[in-house]
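K.L.:
Residues per chain are reported as follows:
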Amino acid sequence: MLLEFHLLQNHAPSNLNRDDSGSPKDCIFGGVRRARISSQCLKRSIRTSPLFTEEIGGIDLGLRTRKLPHKVKEILLARGIDEALAEVAAAKATGFGNKDGKEQKDGKTAQVMFLSPQDIEAVAEVLFTKASTAGSAEDMAKLSAKDLQAEAALKGWRPITPDIGLFGRMITSEAFRDVQAAVQVAHAISTHRMDHEFDYFTAVDDLLGLGEEEDDAGAGMIGDIEFNSACYYKYFSIDYDAFVQNLAGPEPETRASEREKAAHREAVADARTIAAKVIPAFLRAAVFTTPSGKQNTFAAHQLPDAVLVEVRPHQTPVSYANAFVSPARAKNDVDLVGDSLRKFVEHCELLTRKFSLEADPRLWFCTRDIQVTGTTGCDTMDDLLAALGQVLAR
Amino acid sequence: MEVPGQPLLLLRLEGPLQSWGLRSRWDVRDSGDEPSKSGVIGLLGCALGYPMYDRRLEELDSELTLGIRVECEGRKLVDFHTITGTIPMAGGGVKGTPDDPSTIISPRSYLQDAAFLAILSGPAELLFRCRSALLAPKWPIYLGRKSCVPTRPVFEGLSYEYANLEDALRRHPWRWEGRATLREYPARLRCVMEDPLGEAVRPDRIRTNPARMYESRRVRVLWADFPGESEEGETCISHA
Chain A
1 MLLEFHLLQN
11 HAPSNLNRDD
21 SGSPKDCIFG
31 GVRRARISSQ
41 CLKRSIRTSP
51 LFTEEIGGID
61 LGLRTRKLPH
71 KVKEILLARG
81 IDEALAEVAA
91 AKATGFGNKD
101 GKEQKDGKTA
111 QVMFLSPQDI
121 EAVAEVLFTK
131 ASTAGSAEDM
141 AKLSAKDLQA
151 EAALKGWRPI
161 TPDIGLFGRM
171 ITSEAFRDVQ
181 AAVQVAHAIS
191 THRMDHEFDY
201 FTAVDDLLGL
211 GEEEDDAGAG
221 MIGDIEFNSA
231 CYYKYFSIDY
241 DAFVQNLAGP
251 EPETRASERE
261 KAAHREAVAD
271 ARTIAAKVIP
281 AFLRAAVFTT
291 PSGKQNTFAA
301 HQLPDAVLVE
311 VRPHQTPVSY
321 ANAFVSPARA
331 KNDVDLVGDS
341 LRKFVEHCEL
351 LTRKFSLEAD
361 PRLWFCTRDI
371 QVTGTTGCDT
381 MDDLLAALGQ
391 VLAR
Chain B
1 MEVPGQPLLL
11 LRLEGPLQSW
21 GLRSRWDVRD
31 SGDEPSKSGV
41 IGLLGCALGY
51 PMYDRRLEEL
61 DSELTLGIRV
71 ECEGRKLVDF
81 HTITGTIPMA
91 GGGVKGTPDD
101 PSTIISPRSY
111 LQDAAFLAIL
121 SGPAELLFRC
131 RSALLAPKWP
141 IYLGRKSCVP
151 TRPVFEGLSY
161 EYANLEDALR
171 RHPWRWEGRA
181 TLREYPARLR
191 CVMEDPLGEA
201 VRPDRIRTNP
211 ARMYESRRVR
221 VLWADFPGES
231 EEGETCISHA
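Protein sequences appear in the order of chains A and B. Its first residue numbered 1, the first sequence is counted upward by one per residue in our numbering. Its first residue numbered 1, the second sequence is counted upward by one per residue in our numbering.
Bear in mind the hints are in silico, worked out from the structure with no lab data behind them. What you are looking at is a predicted structure, and each value in this text was computed from that prediction instead of being measured. Be aware that a few hints might be false.
Unchecked claim - Listed next, the in silico PhoX-like pairs over lysine-lysine satisfying Cα-Cα at most 20 Å (straight line):
id : chain 1 : residue 1 : chain 2 : residue 2
1  : A       : K331      : A       : K43
2  : B       : K76       : A       : K105
3  : A       : K354      : A       : K331
4  : A       : K130      : A       : K142
5  : A       : K71       : A       : K130
6  : A       : K102      : B       : K95
7  : A       : K43       : A       : K71
8  : A       : K105      : A       : K67
9  : A       : K43       : B       : K76
10 : B       : K95       : A       : K67
11 : A       : K102      : A       : K71
12 : A       : K146      : A       : K67
As the list claims (entries may be wrong) - Among chain B residues calculated to face chain A with C-beta under 7 Å, some are:
id : residue
13 : L17
14 : G21
15 : T65
16 : R75
17 : L77
18 : D79
19 : F80
20 : T86
21 : T151
22 : P153
23 : G178
24 : A180
25 : T181
What the hints assert, rightly or not - Just so you have them, the derived chain A footprint on chain B, three or more residues with Cβ under 8 Å:
id : region
26 : 93-106
27 : 113-119
28 : 135-145
All residues carry an ideal CB built from backbone N, CA and C; glycine is no exception.
Please model the entire structure based on the sequences and the hints provided.
P.N.:
Pasting the structure below:
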């Protein structure tokens, strides 16, 4: 099952995502220049939004940290290991996350790792066993972090948190597994031709004229800020099966014991429960969060005018960007959003018919009175999120 | 009845952005001018459910021959991409602290506004397996990089209509969803076809060694006269 989210969102003048010269990002599409917000920018704004965390509420999220040794020491002390031994164990933990197990002098791991509480627990477990049998801190110090890391290597499978399951991770250590992201986010592009605008600004000295001589009539400084105003088409998808598998672990082999199989069935059921909460939270965050670039200057906090959710049986992603390959534009009595909506709906209906694209259900939210064939209309965003929640609960 | 030709798998690779890396190492991620073999094999691997480093990807690579026709040449875009945080250095040290993070600048190239026809020849059984996988892929398909979402299902058809790969590159009807934006149709189309005697080299044969070193293959560049546009409604020939 593939969940596809299509958004149309019109922004007032803004500079949400900049390149190395401070200009808003852009690209060429359909032969003309378009405004663009990069994929990585959109993902980060969602992942770090307080709304996403709040909505998920109560489910553990991963930690992006270098302070694994601190956590390990905490756990060891709590389990009755004495201070000196726990200190050495923490030093050993600094060697995790690099291939050679080189211990770090600053008491942290060399790389920032996206870890689940279970990852941390697994490392602590290995060090706890060693510390309990080592006898003295000196003997413990002789152990190599490289060997310890190998011992903490994945024996079977260890849970990860939903944010790691969605956005993926890559760590160069055998103690933690790499995770392929279940989310796919396209670069958002404007539905229309975009021209860069320049805001010429001056900073006038508040104390102009103070002193005996008039210093000058002009400004303390001048400059310009580049910006644009654009109606964006945004595309997100979540590979539901990959997400559930990321959380529940791989299917046990056919020769696995009945107990292992039952445990896996239970893990899948848990993962589905988590997914039913996390996926609507992701969509809510995608709808209500905008990238933060230059928002103190522009405050372009506009919400989407349309959201289409398609639940597809096949993992065949289709972006509707081609609705805008001939640019939308405001004309006579139709505004830019109206023309973008018209093109979007026409193209979506056309592609669905031409390629027999299956989706059940298709949920449609729009701030204007526009229908899309074959969709269930949702009056409010809450209705749409609730309907999505129901799909995921079935 | 006509004698059927060689079985060929036809894919259409279309989307606002695509990225087909050829020489990327570390921070700078480039893109070639047309889809790479490793990229197309990876796309099929995605459909078939072969994970990274799976030996079966190498088998796909050696069993399939790839021809690309450029329906619309793309233009390069370099995206200014930054990664901020504490960054491990080669010598084991660390740049930046959580309170004062360091930034890596990682320019990533894309092709914008490009469209390609990719044709694969190989054993019929394998092509049929790829066809079924593309109709119900194991993982979502993308055009070289995960953020590059196709604007139509990439599967165009499995055809016996052409004598061979080159014949198909020359004769298969041209099509591009963005055609309305063109001032005129191109007179000829650039094709890049795998050929052991070809004059050019592409360093993009997929290999599953841990260092992810790729091997080279030879290709021949040929120019096909514009073969005519496919009729409206033929967009989704499925040859089911």
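K.L.:
If you check each hint against the structure, which ones fail?
P.N.:
1, 2, 3, 7, 9, 14, 15, 27
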